[in-house]
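Convert by adding 790 to the 1-based position in the sequence shown; the result is the number in the working numbering.
Some hints could be false.
What follows is a set of in silico ranges between Cβ atoms, one per label pair, in the way DEER data are often shown [said to hold, decoys possible]:
| hint | residue 1 | residue 2 | range |
| --- | --- | --- | --- |
| 1 | S962 | E836 | 27 to 35 Å |
| 2 | E812 | D935 | 23 to 31 Å |
| 3 | C825 | D934 | 43 to 51 Å |
| 4 | R819 | P943 | 45 to 53 Å |
The set of hints was computed from the structure by calculation and includes no laboratory data.
Yeah, the Cβ is synthetic: ideal placement off N, Cα and C, and Gly gets one too.
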Amino acid sequence: MTMSCPSIRSQLPDYVRATLSENRAAVVREHLQRCPRCRRRCDMEEVLMSRMAAQFDVPPPAPDFESRVFRELSSGSGRRVHMAWGGAVAAALALGLFIGQFGLWQPDEAGHEAVAVAEVVDPPVVAPVERTVRLAFTAGEPLDDVTLTLNLPPHVEIAGLPGQHQVRWQVSLEQGDNVLALPLRIMFPGDGELVAELDAEGRQKVFRATIPDYPGASRHAPVDVKEPAT
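Please put together the full structure from these sequences, using the hints given.
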């Protein structure tokens, strides 16, 4: 079975975590052996995963975690999704955003800011491209009925949810780090931010991050991801 580069790249997060089936993993390995560009992407993904593990001590998610999330969304059965996530103990509710194949946002020691570091990897293309964004939620205690709302600019959508620029989940967070890999589809060059809103028991937090650049578009200067006062 032969797969295109975009298809291979969309599977790299699962490949480096060894959660692909053996058949799919073999296809990815074969492709990486003959495609230097995808191999560089895979190296970046491995670096990202190791940095996440070192910073947040995040355990691997359940094998069907992301499939359950997006199966629920695509089924049209509403936006109420309860998920059990686990991880390391933290002091308060927080959010870290990680651009899986483009750069990395890391919170500082105070947990209130992060700096984006961009990697230039692709020549200009005319087709939509996918980038994986990791949302890392840290809860100091188990929280039920947490509302997570994602707002995307017009040129970006979640892969598998065409035309939807706002998605809302009702989730349950366990104490520690709770990680979701979110595949974004960048349709064309444009400006805008990913806005993530958390509402937990009356506590609200809003986080903003610049969307990864479309290949060939002018690069943005590093930006801060700021947490407003709550």
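Checked hints:
no., hint, in the structure
1, S962 with E836: 27 to 35 Å, "30 Å, holds"
2, E812 with D935: 23 to 31 Å, "39 Å, violated"
3, C825 with D934: 43 to 51 Å, "44 Å, holds"
4, R819 with P943: 45 to 53 Å, "35 Å, violated"
Of the hints listed earlier, those the structure fails to meet are numbers 2, 4, in rising order.
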